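Each protein sequence line maps, in turn, to chains A and B.
The first sequence runs 109 to 509 under our numbering.
The second sequence runs 109 to 509 under our numbering.
Simulated from the structure, these hints should not be mistaken for laboratory data.
You may find that some hints are simply not true.
Since the list gives no way to pick one copy over another, a pair counts as held whenever it fits inside one copy or between any two copies.
What the hints assert, rightly or not - Here are the computed lysine to aspartate or glutamate pairs in the DMTMM-like style, where the Cα-Cα straight-line distance is at most 25 angstroms:
#, residue 1, residue 2
1, K392, E412
2, K351, E234
3, K397, D437
4, K484, D197
5, K138, E171
6, K285, E477
7, K191, E171
8, K285, E274
9, K380, E477
10, K392, E184
11, K474, E184
12, K191, E124
13, K191, D341
14, K276, D399
15, K284, E271
16, K204, D481
As the structure is a computational prediction, the values presented were derived from the model and not from experiment.
Number of protein chains: 2
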Amino acid sequence: MLTRISALLSKNPGFETSLLGWVRTVRQQKKYSFIDIDDGSGNIQVVIPSSNLEHVITGASIEVTGTLVQGPHALEIQGNSIKVIGKSDVNYPLAKKAHTMEHLRDCVHFRSRTQTIASALRIRSEASFAIHNFFRKEGMINIGFFYIQTPIITGNDCEGAGELFEIKNSEDFFGKKAYLTVSGQLHGEIFASSLGRIYTFGPTFRAEKSHTQRHLAEFWMIEPEMINYSLQDTYTLASNLAKSIIEHALNNNHQDLINLHRNPQDLENVVKSEWTVITYEKAKTITNKQDIGLSTEEEKYLTENHYKGPVIVTNYPKEITPFYMKKGDKFAENFDMLLPGVGEIVGGSVREENFDVLEPLVPDKKALEWYLDLRKYGTALDFMWIFFWVYRKMFHMQGLG
Amino acid sequence: MLTRISALLSKNPGFETSLLGWVRTVRQQKKYSFIDIDDGSGNIQVVIPSSNLEHVITGASIEVTGTLVQGPHALEIQGNSIKVIGKSDVNYPLAKKAHTMEHLRDCVHFRSRTQTIASALRIRSEASFAIHNFFRKEGMINIGFFYIQTPIITGNDCEGAGELFEIKNSEDFFGKKAYLTVSGQLHGEIFASSLGRIYTFGPTFRAEKSHTQRHLAEFWMIEPEMINYSLQDTYTLASNLAKSIIEHALNNNHQDLINLHRNPQDLENVVKSEWTVITYEKAKTITNKQDIGLSTEEEKYLTENHYKGPVIVTNYPKEITPFYMKKGDKFAENFDMLLPGVGEIVGGSVREENFDVLEPLVPDKKALEWYLDLRKYGTALDFMWIFFWVYRKMFHMQGLG
Numbered sequence: 109m110l111t112r113i114s115a116l117l118s119k120n121p122g123f124e125t126s127l128l129g130w131v132r133t134v135r136q137q138k139k140y141s142f143i144d145i146d147d148g149s150g151n152i153q154v155v156i157p158s159s160n161l162e163h164v165i166t167g168a169s170i171e172v173t174g175t176l177v178q179g180p181h182a183l184e185i186q187g188n189s190i191k192v193i194g195k196s197d198v199n200y201p202l203a204k205k206a207h208t209m210e211h212l213r214d215c216v217h218f219r220s221r222t223q224t225i226a227s228a229l230r231i232r233s234e235a236s237f238a239i240h241n242f243f244r245k246e247g248m249i250n251i252g253f254f255y256i257q258t259p260i261i262t263g264n265d266c267e268g269a270g271e272l273f274e275i276k277n278s279e280d281f282f283g284k285k286a287y288l289t290v291s292g293q294l295h296g297e298i299f300a301s302s303l304g305r306i307y308t309f310g311p312t313f314r315a316e317k318s319h320t321q322r323h324l325a326e327f328w329m330i331e332p333e334m335i336n337y338s339l340q341d342t343y344t345l346a347s348n349l350a351k352s353i354i355e356h357a358l359n360n361n362h363q364d365l366i367n368l369h370r371n372p373q374d375l376e377n378v379v380k381s382e383w384t385v386i387t388y389e390k391a392k393t394i395t396n397k398q399d400i401g402l403s404t405e406e407e408k409y410l411t412e413n414h415y416k417g418p419v420i421v422t423n424y425p426k427e428i429t430p431f432y433m434k435k436g437d438k439f440a441e442n443f444d445m446l447l448p449g450v451g452e453i454v455g456g457s458v459r460e461e462n463f464d465v466l467e468p469l470v471p472d473k474k475a476l477e478w479y480l481d482l483r484k485y486g487t488a489l490d491f492m493w494i495f496f497w498v499y500r501k502m503f504h505m506q507g508l509g
Numbered sequence: 109m110l111t112r113i114s115a116l117l118s119k120n121p122g123f124e125t126s127l128l129g130w131v132r133t134v135r136q137q138k139k140y141s142f143i144d145i146d147d148g149s150g151n152i153q154v155v156i157p158s159s160n161l162e163h164v165i166t167g168a169s170i171e172v173t174g175t176l177v178q179g180p181h182a183l184e185i186q187g188n189s190i191k192v193i194g195k196s197d198v199n200y201p202l203a204k205k206a207h208t209m210e211h212l213r214d215c216v217h218f219r220s221r222t223q224t225i226a227s228a229l230r231i232r233s234e235a236s237f238a239i240h241n242f243f244r245k246e247g248m249i250n251i252g253f254f255y256i257q258t259p260i261i262t263g264n265d266c267e268g269a270g271e272l273f274e275i276k277n278s279e280d281f282f283g284k285k286a287y288l289t290v291s292g293q294l295h296g297e298i299f300a301s302s303l304g305r306i307y308t309f310g311p312t313f314r315a316e317k318s319h320t321q322r323h324l325a326e327f328w329m330i331e332p333e334m335i336n337y338s339l340q341d342t343y344t345l346a347s348n349l350a351k352s353i354i355e356h357a358l359n360n361n362h363q364d365l366i367n368l369h370r371n372p373q374d375l376e377n378v379v380k381s382e383w384t385v386i387t388y389e390k391a392k393t394i395t396n397k398q399d400i401g402l403s404t405e406e407e408k409y410l411t412e413n414h415y416k417g418p419v420i421v422t423n424y425p426k427e428i429t430p431f432y433m434k435k436g437d438k439f440a441e442n443f444d445m446l447l448p449g450v451g452e453i454v455g456g457s458v459r460e461e462n463f464d465v466l467e468p469l470v471p472d473k474k475a476l477e478w479y480l481d482l483r484k485y486g487t488a489l490d491f492m493w494i495f496f497w498v499y500r501k502m503f504h505m506q507g508l509g
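Work out the full structure, taking the sequences as your base and the hints as a guide.
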């Protein structure tokens, strides 16, 4: 039976094993050859007497039998035999050297064999688990968040969150136009209005023609909705979730974080610190700008220069907030969470729960009649939502086409 | 601070509490009124001296303060005060009586306030967690399944899994036609060819114009891909996963299963029993039909009449299997898992890993060049995949439009 490299690294020297991995580098010397292999769980060096290693080249998959030994720098395998399972050839697009992200975008189907992308994927996998675990076990007030899947194909084009992808054959199929969702938040309120506390975690889509890191066509978001939460409850929930994801990565992806040049100590400090909470008005006093809204530069200044850590900014001017946010005379009951080096990763707000206030503000009353119905029949105070851009910025793997 | 009903039901009589719920039924008598409320975590009866309950009607959300007491049948709340948080009116579409599924389809935005749909959603939420937990902790051989999100928007229209939804503005946006994915399986192989063992769990789409329970436009699937697994390893993994989801529901959704008229004892027996494994040839001997393939009726006969339990059928005729399955002289190395009362919930196969055998069978070599590349550079034995229809059949919530 084959062992995975991640499991192997916890064994003691002397352990005899077989393992399968893809060859990353081969260094042939007179007496011995050194082969670095990776099986997706980690990588290890195989040392084997030099002989016929014709097909043992970068990209090939090989089965190695040998003994775990303590090498000069790390655990390694003293190989007894090597069997080539899948050949490779000189056209294999990943060479020994480090590759640019641009090159990796051209060989998307192999890039997860690189250490950088594999590490990002392993962190993403663990982060996903941490998210579900958090909502299931550590809901702030007491247990009871339900995981909900909101529809991807939707008839609502009026949420104002971004440009839509339209489905061509939808009028044939559904009898009306349909689009890919830009957010599950409005649908999420249906479930908060019955189950009390829910979260979504699934793909959303934007058709803006801006191909930058901030404008991906397809990315995953987390959108919780809770009744009976205050603004403070909500940003506390959001920061607890963010901290718990980071903490989980520190415990489960230590080497991956190092592979991505993240300093575990810095991350630990972020988890342990109190995160700054300020109003928009105070933020503008600090950045000393007179215009409305916070620019990317101002956000950067607040987190990287002034506070040197995460900042939660509350109560933005009501003119620049969407129809569903609860508003006072001048400001909305909302917040953005800003991280140094990343920018906005969470936005959240109290929802307007009063039918008479909300109704004139709804952009397409016919399409959103169902949404207004939630206010008509048994509305509840303090709907909240938050959403996470962290996936969009840190981990998204662009589609293969 | 408000308590959730699910948490309340574990407290001792005498506990004083406030809670928020939606009114399901109200029965006013001369001295006392009986109000059944639900907060999405569960339901409880409130008994309160009759007075002005004008706005306490079905659908309204109310805040109740009172004491937990042991009633004649179950725990109930002896109410001190009631505050109406959100009114309702006579047009609220859920009356006291039981509703047909057809009626609930007409008021999709309220149906999760019914016991049946709420129970299905709570089971689905727990099942999702059980799935992630299984792959993270209980991978059959040893740890190491990574959760991967494969693209929803894809250029591949040639997997043969079903009709596609086309994205109208995709040629503007991507410079070529794009579709909604029918399966993440081929992309999943990229990650199995680097990370070793992965699973996807996300939405897939089918544009067949058959609006039956078996043909939903949008549903979630689980698609694991493993290298170095045998056919037996794979169907053992699939049945272990299925058993672990059922077991998790038995432990966490006991009342919900009863609400959905499932007998927990029957489910426990299914978890404890050995599941039958037979070849397609043997299955045909039992059903005594000469045609090729297994019809829904034959599947039903095997699970409900002959074996009275889950049946795994292996090695279907190679003519009726897709291009990517490994084939022998007459049969493919694949299986279907059939459950009584449900039908096929899992299909799986060994993949053809040999480039020379696979290449002539690929339907669109240009679009799938990347897929063939996986065989060219470092192919590995025994790619496997399984996928779960359980979500499609049991839990899917049709989009709201």
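Hints, one by one, checked against the model:
no. : hint          : in the structure
1   : K392 <-> E412 : within (16 angstroms within a copy, 69 angstroms between copies)
2   : K351 <-> E234 : both (14 angstroms within a copy, 24 angstroms between copies)
3   : K397 <-> D437 : within (22 angstroms within a copy, 75 angstroms between copies)
4   : K484 <-> D197 : between (66 angstroms within a copy, 8 angstroms between copies)
5   : K138 <-> E171 : within (23 angstroms within a copy, 81 angstroms between copies)
6   : K285 <-> E477 : within (17 angstroms within a copy, 34 angstroms between copies)
7   : K191 <-> E171 : within (5 angstroms within a copy, 69 angstroms between copies)
8   : K285 <-> E274 : both (8 angstroms within a copy, 13 angstroms between copies)
9   : K380 <-> E477 : neither (45 angstroms within a copy, 48 angstroms between copies)
10  : K392 <-> E184 : neither (56 angstroms within a copy, 52 angstroms between copies)
11  : K474 <-> E184 : neither (66 angstroms within a copy, 41 angstroms between copies)
12  : K191 <-> E124 : within (16 angstroms within a copy, 70 angstroms between copies)
13  : K191 <-> D341 : between (58 angstroms within a copy, 22 angstroms between copies)
14  : K276 <-> D399 : neither (41 angstroms within a copy, 38 angstroms between copies)
15  : K284 <-> E271 : both (18 angstroms within a copy, 18 angstroms between copies)
16  : K204 <-> D481 : between (60 angstroms within a copy, 19 angstroms between copies)
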